[in-house]
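These protein sequence lines are chains X and L, in that order.
Using UniProt numbering, you'd call the opening residue of the first sequence number 1 and step up by one each time.
Using UniProt numbering, you'd call the opening residue of the second sequence number 1 and step up by one each time.
Hints are computed from structural coordinates only; laboratory data are not their basis.
Check the hints yourself; a few may be wrong.
[Said to hold, decoys possible] If you want the ones that stay clear, here's a sample from chain X, every Cβ over 10 Å from chain L, calculated:
1) Arg-71
2) Arg-92
3) Leu-98
4) Asp-100
5) Gly-107
6) Leu-145
7) Thr-147
8) Gly-161
9) Val-172
10) Val-201
11) Gly-305
12) Ala-353
13) Pro-374
14) Lys-405
15) Ile-409
16) Asp-427
[Unchecked claim] Partner residues are not named here, just some residues of chain L that face chain X (Cβ under 8 Å, in silico):
17) Phe-40
18) Val-56
19) Leu-176
20) Gly-225
21) Val-330
22) Ala-411
23) Leu-428
24) Val-443
25) Lys-447
26) Asn-451
27) Glu-453
Cβ atoms here follow ideal geometry from the backbone N, Cα and C, with glycine treated the same way.
Protein chains: 2
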Amino acid sequence: MTEHLVVVGGDAAGMSAASQARRRRGRDELRITAFEQGDFTSYSACGIPYWVGGQVADRDALIARTPAEHREHGIDVRLRTRVTEIDPDRRRVRTRSLDDGTEAWTGFDQLVVATGAEPLRPPLPGFDAPGVHGVQTLDDGAALLATLERDVHRAVVVGGGYIGVEMAEAMVQRGLAVTMVHRSAEPMATLDPDMGRLVRVAMEGMSITVVPGAEAEEVLLDAAGRPRAVRTSAGEFPADVVLLGLGVRPRTALARAAGLPLGGSGGLLTDPSMRVEGADGIWAGGDCVEVLDLVSGVRRHIALGTHANKHGLVIGTNIGGGRAVFPGVVGTAVSKVCALEIARTGLRERDAAEAGIGFDTAVIESTSRAGYYPGAAPMTVKMLAEQRTGRLLGLQIVGREGAAKRVDIGAVALTAGMTVDQVVSLDLGYAPPFSPVWDPVQVAARKLVSNREGPAPKSQRA
Amino acid sequence: MTEHLVVVGGDAAGMSAASQARRRRGRDELRITAFEQGDFTSYSACGIPYWVGGQVADRDALIARTPAEHREHGIDVRLRTRVTEIDPDRRRVRTRSLDDGTEAWTGFDQLVVATGAEPLRPPLPGFDAPGVHGVQTLDDGAALLATLERDVHRAVVVGGGYIGVEMAEAMVQRGLAVTMVHRSAEPMATLDPDMGRLVRVAMEGMSITVVPGAEAEEVLLDAAGRPRAVRTSAGEFPADVVLLGLGVRPRTALARAAGLPLGGSGGLLTDPSMRVEGADGIWAGGDCVEVLDLVSGVRRHIALGTHANKHGLVIGTNIGGGRAVFPGVVGTAVSKVCALEIARTGLRERDAAEAGIGFDTAVIESTSRAGYYPGAAPMTVKMLAEQRTGRLLGLQIVGREGAAKRVDIGAVALTAGMTVDQVVSLDLGYAPPFSPVWDPVQVAARKLVSNREGPAPKSQRA
Numbered sequence: 001m002t003e004h005l006v007v008v009g010g011d012a013a014g015m016s017a018a019s020q021a022r023r024r025r026g027r028d029e030l031r032i033t034a035f036e037q038g039d040f041t042s043y044s045a046c047g048i049p050y051w052v053g054g055q056v057a058d059r060d061a062l063i064a065r066t067p068a069e070h071r072e073h074g075i076d077v078r079l080r081t082r083v084t085e086i087d088p089d090r091r092r093v094r095t096r097s098l099d100d101g102t103e104a105w106t107g108f109d110q111l112v113v114a115t116g117a118e119p120l121r122p123p124l125p126g127f128d129a130p131g132v133h134g135v136q137t138l139d140d141g142a143a144l145l146a147t148l149e150r151d152v153h154r155a156v157v158v159g160g161g162y163i164g165v166e167m168a169e170a171m172v173q174r175g176l177a178v179t180m181v182h183r184s185a186e187p188m189a190t191l192d193p194d195m196g197r198l199v200r201v202a203m204e205g206m207s208i209t210v211v212p213g214a215e216a217e218e219v220l221l222d223a224a225g226r227p228r229a230v231r232t233s234a235g236e237f238p239a240d241v242v243l244l245g246l247g248v249r250p251r252t253a254l255a256r257a258a259g260l261p262l263g264g265s266g267g268l269l270t271d272p273s274m275r276v277e278g279a280d281g282i283w284a285g286g287d288c289v290e291v292l293d294l295v296s297g298v299r300r301h302i303a304l305g306t307h308a309n310k311h312g313l314v315i316g317t318n319i320g321g322g323r324a325v326f327p328g329v330v331g332t333a334v335s336k337v338c339a340l341e342i343a344r345t346g347l348r349e350r351d352a353a354e355a356g357i358g359f360d361t362a363v364i365e366s367t368s369r370a371g372y373y374p375g376a377a378p379m380t381v382k383m384l385a386e387q388r389t390g391r392l393l394g395l396q397i398v399g400r401e402g403a404a405k406r407v408d409i410g411a412v413a414l415t416a417g418m419t420v421d422q423v424v425s426l427d428l429g430y431a432p433p434f435s436p437v438w439d440p441v442q443v444a445a446r447k448l449v450s451n452r453e454g455p456a457p458k459s460q461r462a
Numbered sequence: 001m002t003e004h005l006v007v008v009g010g011d012a013a014g015m016s017a018a019s020q021a022r023r024r025r026g027r028d029e030l031r032i033t034a035f036e037q038g039d040f041t042s043y044s045a046c047g048i049p050y051w052v053g054g055q056v057a058d059r060d061a062l063i064a065r066t067p068a069e070h071r072e073h074g075i076d077v078r079l080r081t082r083v084t085e086i087d088p089d090r091r092r093v094r095t096r097s098l099d100d101g102t103e104a105w106t107g108f109d110q111l112v113v114a115t116g117a118e119p120l121r122p123p124l125p126g127f128d129a130p131g132v133h134g135v136q137t138l139d140d141g142a143a144l145l146a147t148l149e150r151d152v153h154r155a156v157v158v159g160g161g162y163i164g165v166e167m168a169e170a171m172v173q174r175g176l177a178v179t180m181v182h183r184s185a186e187p188m189a190t191l192d193p194d195m196g197r198l199v200r201v202a203m204e205g206m207s208i209t210v211v212p213g214a215e216a217e218e219v220l221l222d223a224a225g226r227p228r229a230v231r232t233s234a235g236e237f238p239a240d241v242v243l244l245g246l247g248v249r250p251r252t253a254l255a256r257a258a259g260l261p262l263g264g265s266g267g268l269l270t271d272p273s274m275r276v277e278g279a280d281g282i283w284a285g286g287d288c289v290e291v292l293d294l295v296s297g298v299r300r301h302i303a304l305g306t307h308a309n310k311h312g313l314v315i316g317t318n319i320g321g322g323r324a325v326f327p328g329v330v331g332t333a334v335s336k337v338c339a340l341e342i343a344r345t346g347l348r349e350r351d352a353a354e355a356g357i358g359f360d361t362a363v364i365e366s367t368s369r370a371g372y373y374p375g376a377a378p379m380t381v382k383m384l385a386e387q388r389t390g391r392l393l394g395l396q397i398v399g400r401e402g403a404a405k406r407v408d409i410g411a412v413a414l415t416a417g418m419t420v421d422q423v424v425s426l427d428l429g430y431a432p433p434f435s436p437v438w439d440p441v442q443v444a445a446r447k448l449v450s451n452r453e454g455p456a457p458k459s460q461r462a
């Protein structure tokens, strides 16, 4: 008997799951239908800031696989079709065509819920006006580009997280005067404030106005109903275009209505095979689920394409008759603002304190290459370790070229549960064009080890 | 009572040990004397190719700490003083001044043997002529630079390992026509031949003539006694200057004469605290010791400044009353030839076969950034895994900017004993300017996992 796999959501998690299931089970075994409310499949939402900024010239470059390509692989993609109800008991979903409103029920044996996330848009005056843009979908990007064709000179970015800083870069690339307003004391609140301060200082050096501690209150509109300024608790800032970088939340209204289990963040709860808890044959992945933080043991919502792709691979493997698990994350993220690279993994001071873990920290300055080698660029590295055991807890890096991807050393070490002593001993790649003789990550680990030991002990021998 | 620490050899391992011991124990507790036969201390031998190539203008930039700086820290550095005998029983070393021939005995409580390595110079006609250069010491570099001041146009590099390729780059930088002759089928024999081939093709694209399977036989000299050609088993190659890149061996004649234990490579044997086996209060580190390969369990000789520095830190900590160990290496090395980056860690096919480990391999092509992001550079990644368990065994990368340091992911995963399934799940840094959504290392791991599974199983459900 042919099984029917229905996928809700045609981007990273959903289509990776469909593609992987198809690789493992032929068309005679598995029929696959994917419903997508938009016009595109399998695109890189993470690439939108670079398309808007002009580094990527062509929207289509962001599309990894078109609906037509999926269809060639035997995946029946239905665009502009919204799933409006999931009926787990009768194993069916209800859909509505966005073109003609037609409704229909479609039965499934296996279901993948990959409904993604939706940008937070504050319910404040003016935030739904034209000229106020999120950048979650390709359509959002196209709308923003249309705005930038107009006579716009001043951009205000609301929110100082990674979407905020990437959009600030895009606006700088487009030649606009950029102001970034955000709530916290420093931008990039996924870093500790001492590291976020380095981001702010660097952004100010790029002539970006950074306004901390600013709660957005209203987008003030001109006579044509387009932005003229953003009013915040820290003052009013002129704006011809407003960018939303306030983060996202899991898009799970559909799952909630179907009685599927949600966690504290509103994301779907799954087991490590990415099966929705308690729901046989129903799987979920991508920006609509919670993931296990392997360092703190807490479930969190982290919307990142890299996780979505892994979820899809795991789901597709399991539907395809194999066995795969997604063990969890360590909270790795890398980003940049123009030439400034920003990276983090593991716990911040705040996270460790909230988890009740006593910790030590070290902050060091080093360079991307041997100090004498041309192009050696400075970087600041912060490391956290558990006080009691010396276990690595977190790593944050702010620097220039060659800084961000060093966070992978910490990501792997965190996954393995290494101590900072073990990080000091790691056999990392060294040659003068690539690293100082002690990699900056190990310089930070050395400092932590040395801080942990305290002042040198008096010799026993003397 | 004040102890006396004597250090034999004033470069990375010896002076790191001395400095770390000093950090932990004051001058009233520990007297430190360091004997160095040359004129310099604590310099980056790894940087010499870039000084010769002209990227580093100044020799002094390669010196991390001068003798005067060490003396300020209470380390009595004796330059141009060769240790000619170690007497472990009477706890003393004999020295000879290279200036006036004076001999003397110096007693020690603790001894650090850090005599380094010596370049292999084949006992063949012409190889000791002026114009034939090794690049082990700063004096070697200065001598080579003096040769390059002459009317030289054609360089022959003998040896295709990392010193060979780095010297080939230096000669290209200096505008010479470069031929590299080497014994093996492909250059960079620390890679598998299929990956070495990529290095050869790239070097040929840089107009470097690469001659494989060539055994050097003689340096043919002109009337003035300087090189005019190198004769090899694969023909004769004109040369105004000859560079030796045949590798090094541990400089342990002194240790051997003292009856200290040596391994199969001729390197000193130590325990994980870097204490010479069976020799209380005698320590050894750097290019004169063998290290444990954590992947194969075999002891090997690997001359690398990064290991030497770690050995020194461990020795100095232990002498200073702390406790530290050097657990071993996984065989990580990174290098480059002009824009080509080369990296390896763990076992090659040959190593795994010799260790009797059944293995699977995967080779993939990917890019340093998202494919659509400007500057995305191609790279080839090869991965080896143990057939029975899926345990990661090795990783090799050849590519352009952004390729080499990705090997650190493999180095940490090897140290942790991860399987390729675990590598696929790693939470590595992703953003379009830094990586495709699957890091190239994970693309290789995915291929291995998929190869290991074989053809997709027929579904159990159908």
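**OP:** Mind listing which of the numbered hints don't hold for this structure, in increasing order?
**Re:** 11, 13, 14, 15, 16, 17, 19, 20, 24, 25 and 26
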